[in-house]
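Q: The chain contents come next:
There are 2 protein chains.
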Amino acid sequence: MVLYDAADLRSELHQIGCRLTPQREKILKFFQNLPQGNHLSAEDLYHALAQRGENISLSTIYRSLKLMARMGLLRELELAEGHKHYELNQPYPHHHHHLVCVQCNRTIEFTNPAILKTGVKQAEKEGLHLLDCQLTIHAVCPEALRRGWPSLLPSHWVCPRALNGTVTGVITEN
Amino acid sequence: MVLYDAADLRSELHQIGCRLTPQREKILKFFQNLPQGNHLSAEDLYHALAQRGENISLSTIYRSLKLMARMGLLRELELAEGHKHYELNQPYPHHHHHLVCVQCNRTIEFTNPAILKTGVKQAEKEGLHLLDCQLTIHAVCPEALRRGWPSLLPSHWVCPRALNGTVTGVITEN
DNA sequence: GATTTTATTGAGAATCATTATAATTTAGGG
DNA sequence: CCCTAAATTATAATGATTCTCAATAAAATC
Numbered sequence: 001m002v003l004y005d006a007a008d009l010r011s012e013l014h015q016i017g018c019r020l021t022p023q024r025e026k027i028l029k030f031f032q033n034l035p036q037g038n039h040l041s042a043e044d045l046y047h048a049l050a051q052r053g054e055n056i057s058l059s060t061i062y063r064s065l066k067l068m069a070r071m072g073l074l075r076e077l078e079l080a081e082g083h084k085h086y087e088l089n090q091p092y093p094h095h096h097h098h099l100v101c102v103q104c105n106r107t108i109e110f111t112n113p114a115i116l117k118t119g120v121k122q123a124e125k126e127g128l129h130l131l132d133c134q135l136t137i138h139a140v141c142p143e144a145l146r147r148g149w150p151s152l153l154p155s156h157w158v159c160p161r162a163l164n165g166t167v168t169g170v171i172t173e174n
Numbered sequence: 001m002v003l004y005d006a007a008d009l010r011s012e013l014h015q016i017g018c019r020l021t022p023q024r025e026k027i028l029k030f031f032q033n034l035p036q037g038n039h040l041s042a043e044d045l046y047h048a049l050a051q052r053g054e055n056i057s058l059s060t061i062y063r064s065l066k067l068m069a070r071m072g073l074l075r076e077l078e079l080a081e082g083h084k085h086y087e088l089n090q091p092y093p094h095h096h097h098h099l100v101c102v103q104c105n106r107t108i109e110f111t112n113p114a115i116l117k118t119g120v121k122q123a124e125k126e127g128l129h130l131l132d133c134q135l136t137i138h139a140v141c142p143e144a145l146r147r148g149w150p151s152l153l154p155s156h157w158v159c160p161r162a163l164n165g166t167v168t169g170v171i172t173e174n
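In the order they appear, the protein sequences are chains U and H. Everything in the first sequence is counted per my numbering, starting at 1 for the first residue and increasing by one. Everything in the second sequence is counted per my numbering, starting at 1 for the first residue and increasing by one.
None of these hints come from the bench; they were simulated from the model. Careful, some of the hints might be misleading.
With a Cα cut of at most 25 Å, we get these calculated PhoX-like pairs of lysine-lysine [unchecked claim]: (1) H:K117 <-> U:K125; (2) H:K29 <-> U:K84; (3) H:K117 <-> U:K66; (4) H:K125 <-> H:K84; (5) H:K26 <-> U:K117; (6) U:K84 <-> U:K66; (7) U:K84 <-> U:K29; (8) U:K66 <-> U:K29; (9) H:K117 <-> U:K121; (10) H:K26 <-> H:K66; (11) U:K121 <-> H:K121.
My request is simple: use the sequences and hints to build the entire structure.
A: This is the structure:
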């Protein structure tokens, strides 16, 4: 999946009657070069590409993200921010899941091979073609609880520990 | 959780500085009486209650759903329809996960106790308070694939097998 | 290589779910 | 029973995403 080049993408697209365009190629390449642990919204991607001098319209960004997610090339993540995030859909050794603090949106990745196996088995049992399989764990940090969460906190309150260091960490194995 | 009555709800609410209102009570009761395998959107709930003569404003519906999800009483599901769905957040023997066809939104529930265990362990490890833990499996049915999915199908195409019988089924164990 | 067909792009309008606002009502502690 | 803060309601506002349609560009065909 990470070794997907333009020719591979072209043939995948052709199989479903779609065309390889420079926009689609750039978007996929962008995700392939993104360090592990990053997920972008459509808007994020739009700006990130614009900064590199690649001006792809927001409509095209939205359309491409959706198409590639449906093709199984990207994963569509529903974390806690009210909009979708995307990342490369990587196979086994890199496939991972997310633990999210619903108050401050801090996201922690973790791997657990048994979960993907469950997904594969379940889809097979129903005779469906698997696209993605994600465990999302919603939680709150004790800092927020102590402050009266969920009722007393303003919706934009961020727990102090989210402010020092990385907001997103990668953790291997449970 | 299923045995939650008005007094329990009141005390949970009071703990976080909130009040028990007839609206909140009715909403929770509605979910408690909903047969397993049903998940409602805010709009669905609004209409369902209206039909019973309970006219609760849409704003209140939205606010109550969000509050109860944050309290851990309800689960917020992100299936494939572009809006959230809610269901009771039930503990162990009833806790379940979802397999969704992203083309026709057919949803199949299944249980798998190991997943909840993973969620508990992972939240504990990070020192966070667990709210919910859901495995969502995205898939497509072979009928849609055969018809050229994802590119050639109109967005509202529904696979034939979703049309006969139940759209939502409950399956126990993987 | 030129032509033709058809998917794709881009800009903006439109939509739809959800959240915010502000005035009115109500829960529930004193 | 009164008072205060929380909740409700209706409506406006927001914001993410999708749609529309004219212009463009893949890629199949000649």
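Q: Against each hint, give a clear statement of whether it holds in the structure.
A: A quick look at each hint next to the structure:
1. Restraint check: the Cα-Cα separation between K117 of chain H and K125 of chain U comes to about 23 Å, which is no more than 25 Å; the hinted pair holds.
2. Simply put, K29 of chain H and K84 of chain U have alpha-carbon atoms about 31 Å apart, too far for the 25 Å limit, and the pair is violated.
3. Distance check on the hinted pair: K117 of chain H and K66 of chain U sit about 32 Å apart at the alpha-carbon level, beyond 25 Å; violated.
4. With a C-alpha separation of about 28 Å, the suggested pair K125 of chain H and K84 of chain H falls outside the 25 Å cut-off, and the hint is violated.
5. For a cut-off of 25 Å, the pair hint linking K26 of chain H to K117 of chain U is broken: about 40 Å separates their Cα positions.
6. Between K84 of chain U and K66 of chain U the CA atoms are separated by roughly 10 Å; this keeps the pair inside 25 Å, and the hint holds.
7. With a C-alpha separation of about 19 Å, the suggested pairing of K84 of chain U with K29 of chain U holds against the 25 Å cut-off.
8. Restraint check for K66 of chain U and K29 of chain U: the C-alpha separation of about 16 Å stays at or below 25 Å, so the hint holds.
9. Under the criterion of a C-alpha separation no larger than 25 Å, the hint pairing K117 of chain H with K121 of chain U is consistent with the structure, at around 19 Å.
10. Note on K26 of chain H and K66 of chain H: the hinted pairing holds, with a Cα-Cα distance of about 15 Å set against a maximum of 25 Å.
11. At roughly 23 Å between alpha-carbon atoms, K121 of chain U and K121 of chain H fall within 25 Å of each other, so this suggested pair holds.
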